[in-house]
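Asker: Each chain is listed here by its residues.
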Amino acid sequence: MNSDKRMVLIVEDESGISNFISAILTSNGYNILKTERGREAVSITASQCPDLILLDLGLPDIDGIEVLKSIRQWSDIPVIIVSARGHEREKVEALDLGADDYVTKPFGTSELLARIRTAIRHRQKDDFGSQPKAEIINVGGLTIDYVKRIVTVEKKEVHLTPVEYKIICLLSKYIGKVMTLDFITKEVWGPYTNEDNALRVNMANIRRKIEVNPAEPKYIITEVGVGYRMVDEI
Amino acid sequence: MKEYNSKTNNSNELSEHTNSDDKKEAGRLKIFFGYAAGAGKTYAMLDDAGEQFKSGIDVVIGFIDPHTRPETLKLLNKLPILPPKTLFNNDIKVKEFDLDAALKRKPHLIIVDQLDHSNAEGVRNKKRYQDIEELLNAGIDVYTTVDVQHIESLNDIIREITKISVKETIPDYIFENADKVKFVDVEPDELMKRFEEGKLLRKDETGLEYSFFSKNNLRLLREIAMRKATDRISSFNQRKNKTLQKSINTRFLVCISPSPSSAKCIRWAARTSEAFHAPWTVLYVETPESMKFSEDQIKTIRSHMDLAERLGAKVVTLGGNDVAAVVSEYTKYSGITNIVIGKSRQKSIKSLFVKSFEDKLISLLKNIEIHIIPDSDNAKPYKNKHAINLNKNLFLSFNDFAKTFVILISATLFSFGIRAAGVGEQNVIMFYILSVLIISRITSGYLYGILASFLSVFIFTFLFVEPYYTFTAFQPDYPITFIIMLFAALTTSALIIRIKTKASLAAERERRTEVLYEINKKLLVTRGLDNIIEAANEYVTKLFDRTSILYLEDPVNGKEGIIKKSREDKDASYMMSKKEKAVVHWVFVNKKRAGNGTDTLMEASGFYTPIISQGNVLGVLGISCDKGNFFNHNNRSLSTMIASLVAMALERQYLSYEQRRILIEAEKEKMRSNLLRAISHDLRTPLTGILGASSAILENEGMDIETHDKLIGGIKEDAQWLIRMVENLLSVTRISEGSMSVVKTPEAAEEIVAEAVSRIRTRFEGCRINVKVPDELLLIPMDGTLIEQVIINLLENAVKHTAPNTVIDLNVKKVGDTAVFEVSDNGLGIQKQDLTHIFEGFAVSKGKSSDSSRGMGIGLSICKSIIIAHNGKIQAENKKEGGAVFRFILPLKGVKYE
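Respectively, the protein sequence lines represent chains R and D. First residue of the first sequence? That's 0 in numbering that gives the first Met the number 0, and the numbers climb one at a time after it. First residue of the second sequence? That's 0 in numbering that gives the first Met the number 0, and the numbers climb one at a time after it.
Everything labelled a hint here was simulated from the structure, so no lab data went into it. Errors might be hidden in some of the hints.
As the list claims (entries may be wrong) - On the chain D side, residues computed to face chain R include the following (Cβ under 10 Å):
(1) Ile-711
(2) Ile-714
(3) Glu-716
(4) Ala-718
(5) Gln-719
(6) Ile-751
(7) Ala-753
(8) Val-756
(9) Val-770
(10) Lys-771
(11) Asp-774
(12) Thr-784
(13) Glu-787
(14) Val-814
Claimed, not checked - Below are the EDC-like pairs computed for lysine to aspartate or glutamate, each with C-alpha atoms no more than 20 Å apart in a straight line:
(15) D:Lys-743 / R:Glu-215
(16) D:Lys-771 / R:Glu-210
(17) R:Lys-217 / D:Asp-399
(18) D:Lys-771 / R:Glu-215
(19) R:Lys-217 / D:Asp-774
For glycine and all other residues, C-beta sits at the position ideal for the given N, C-alpha and C.
Isolated chain R, as found in the complex (with noise of 0.2 Å):
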């Protein structure tokens, strides 16, 4: 964590929400600004530049998909969704507007410090990484060689099909962050495709190759109706 403090704004019009998330992240090392309204939201993201925000969808002025938008125009600031449970929708269609990553209500204290994290540390490798990506990456027992274009797991290699490895190269360049299903299968079959099952069928290969139990993963989680996630750490 940086010596010099993070500036996370809230936008939540439920107060006690908004008092316990910034009671969370003041004592996390976090310097919080609050607003209630999704105009002045954009107005805030303009003249203060935080470091994160944190959107809550349902705002009494104006959806938090359309603060989103305004942003999104001009800023790719990292934005967390906060959205209810049951509406898979509308966390598919903040993500694909360029929202990083969501929570989902009611969640813990350590789900939502870990999202900010890696939310964070996402965009400052998006900054100052514009060189050449990493040439291996490693999480748990997994490592994938982007150079020799080889997979292992706890030093063994996985021998994964051409798709099988474009999928699990995709969701490790977007470490720690949901992608769609829409969005994978676009990437990796094209925007004409209509095969719906592929990548489900892809993915339980795939998991069938690199985790002990594939209905317990461990590397690729799934979000239920959303898409998938590749763990950054375990």
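Chain D: place on chain R using the hints.
Answerer: Below, chain D without anything else, positioned relative to chain R:
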């Protein structure tokens, strides 16, 4: 005298127009009515339209006869004109009113001259009045002109007066139902002067001759026209005063025949019943003779029926041998008070012996008034009837020849036998007479009987009369024998032919009745829209041997009709062409039949009947009339009957859908209220805990750390319980959004399981769950979030009911076409009394306080709702070795699991 509808109307019109804007249902029709061309109808119409235009109303000229006088045309200048449609008919350029452009332009008021005009071939409607009806239906007001001689019911009167027949007529109802009729009058002298001055073209265009405009004629026409206009006013007044009482008093029945004079009867009845405000029926009786009618005669009957329908009669066709008997039966049962029949003056010898039709009627019906309309015109079609009959009954067939000869030869052989046996010769004659009878019986037509009579006489003379083997007959009684034989043959043949035609007539009618009955029976037991359509299509193709198509929705909305090809049609795709769909659309909009054989869009391949119930078009039934075999009147009325049967079935189906929807709604409502009751009770407990603990912390500052933590821990636990409860409830609302069903997408079983397990792991740290999924990927159609909730609930249930650190197994496997999920534990198992209603949850009181069910009561019942919404099945049982198993089964292919 110039205007019948007083002049004040004009000033009121503006306000009326604004009124009609609010409820733009149907447009209003104003007819400028005159008694002869040149009276100034078009001038008056354009003048009026000009006034309307000036006051800011959106007026468009739809069509004006290009031969109009220059003074009149001058009025046109100011008004916007809709360009006419140009058609090429046999290389002749024809200009016609462009109906579609007018409908598209949708002005407030449109001017269309000459209501009586017949459209050129290639235009959608045969007649202009049909165009105007469409305009009115579309909510456009119309101004038009018409002369008195074009009114259908007056057609024959005018013909008698002027000796000129006018072919182009409009049905009376158009005139009667017009919102306004303005009578445009001019003195006959003035009109004659106009002719002489040459202000009017001599009207070759309308096909009227100059003699039409003799002064005397004009005076008569003027009188008729005025009377018609006053009639309309008085009938309007009467209609306003007494509503529907009229129908009880008088009922007219017109009996028609193929004679052209029947049209006269029909017109007379139309006029009279209009005057009496009485309903009237046109009856045609099919007799065995009617099977022998020529094409022309059938066509005449059809045109009579069409005429009657146009004039507003109900048309009935009945079958029977004796016309008078049938008519009297019908009269008795349908409450007819007056019968109209036509009668020709020619007498035949037959009429000396046979009671005339009217005499029979009078003797059968003593209290009925009978009106006889003399047939002054002619009686020509009756004479050549016999020639036609003979032709029809003289056809040859090899089979019948063979039969004739076989029978004659065997008769001859028998006769030889008799002679050899020495029995009297008179028996030989008997044999031949018998064989002639048999031949007449088993062959069709008169020919064989006659032939057999001749041959019998010849053979008999040749073989059995002395001198043998010559045709010389000495005895004078043989010619008499011959004549007897001939008579026997002819009478038998005539009898047989009569019986046969009657039988085939009866069979045809029988078949129709049977099919209708069968359709009705079938439709009564058929459930579901698709099945109804299929049944209807099947019967229509069977009945008519034609391709049938049924639309439940206007094809403009993108829905296809359901088609059934007849056996004879090799390719029925022509019935689904764009052109046909346009006809279907027209039928949906105008609620009238159209297509082949009708007056509208007659170039279509199909005949389309609307399926109407309570004024709504539920669908359209199309029947192919391709290859020129048009639909006759019988078939048409049959198809109308079928349409009404289908309408009934469809309506019943819609009602049952509605009923089912209400039932489901009620069930949902019941479930919700039960849930709400249970929840409000269950919520109170943890909320009380949270409230108590938090206020204890806030109010007692000097609390020791241990109690403080304990209280906070309690709050957290209660809050978590509440969250789980809310998540469960959320699932229920997801189900209820639809009608007890869920939106299913294929999901990988392992992914759902993994998510559920990871949630349980974070909630209960240190619990041991053993998960097994099949090696192959299992894609199951489901709502992932809901199934995840089910697994979470089952796992949570297992964790709660087992000692810490016991292993819980979660197993997913594929069994046939289903996926089976199993959660088993090694706990205490389920108590026997709970086993039966463990999934009933909140709905059943368990005799325990509801606090004790806290945690899982609602959870399991929600599991059941979710699984049922997925067409699956959920079970709970105890293992033999101890512990409980919860199992749910989901179908893999969307099939319902039984």
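Asker: Hints first: check each against the structure and report whether it holds.
Answerer: Against the structure, the hints:
For Ile-711 of chain D, the shortest C-beta to C-beta distance to chain R is roughly 14 Å, which exceeds 10 Å, and the interface hint is violated. Hint on Ile-714 of chain D is violated. Least Cβ distance to chain R is approximately 13 Å, over the 10 Å limit. The criterion of a C-beta within 10 Å of any C-beta in chain R is not met by Glu-716 of chain D, whose closest approach is roughly 14 Å, and the hint is violated. Annotation: Ala-718 of chain D was flagged as interfacial toward chain R, and the flag holds, the nearest CB pair being 8 Å apart, inside 10 Å.
With a cut of 10 Å, the hint placing Gln-719 of chain D at the interface with chain R holds, because the nearest CB-to-CB distance is about 9 Å. A distance limit of 10 Å between C-beta atoms decides the matter here; for Ile-751 of chain D the minimum to chain R is near 6 Å, and the interface restraint holds. The closest approach between the C-beta of Ala-753 of chain D and any C-beta of chain R is roughly 5 Å, which is under the 10 Å cut-off, so the hint is satisfied. Given the 10 Å rule on beta carbons, the hint for Val-756 of chain D holds: about 6 Å separates it from the nearest Cβ of chain R.
For Val-770 of chain D, the interface hint holds, the least distance from its beta-carbon to any beta-carbon of chain R being 4 Å, beneath 10 Å. Evaluation of the Lys-771 of chain D hint against chain R yields a held restraint, the C-beta minimum of about 7 Å falling below 10 Å. Hint status for Asp-774 of chain D relative to chain R: holds, with the closest Cβ pair at about 7 Å, below 10 Å. The criterion of a C-beta within 10 Å of any C-beta in chain R is met by Thr-784 of chain D, whose closest approach is roughly 6 Å, and the hint holds.
Below 10 Å, beta-carbon pairs count as interface contacts, and Glu-787 of chain D has one with chain R at about 6 Å; its hint therefore holds. Restraint check, Val-814 of chain D versus chain R: the minimum CB separation of about 18 Å is more than 10 Å; hint violated. A threshold of 20 Å between alpha carbons decides the hint, and for Lys-743 of chain D with Glu-215 of chain R the separation of about 24 Å lies outside it, so the pair is violated. At most 20 Å may separate the alpha-carbon atoms for a hinted pair to count; Lys-771 of chain D and Glu-210 of chain R meet this at roughly 13 Å.
Of the supplied pair hints, the one linking Lys-217 of chain R and Asp-399 of chain D is violated, its CA atoms being roughly 94 Å apart against a limit of 20 Å. Distance hint between Lys-771 of chain D and Glu-215 of chain R is fulfilled; the C-alpha atoms sit about 9 Å from each other, no more than 20 Å. Taking the CA atoms of Lys-217 of chain R and Asp-774 of chain D, the gap is about 18 Å. The hint holds against a cut of 20 Å.
Of the numbered hints listed earlier, those contradicted by the structure are 1, 2, 3, 14, 15, 17.
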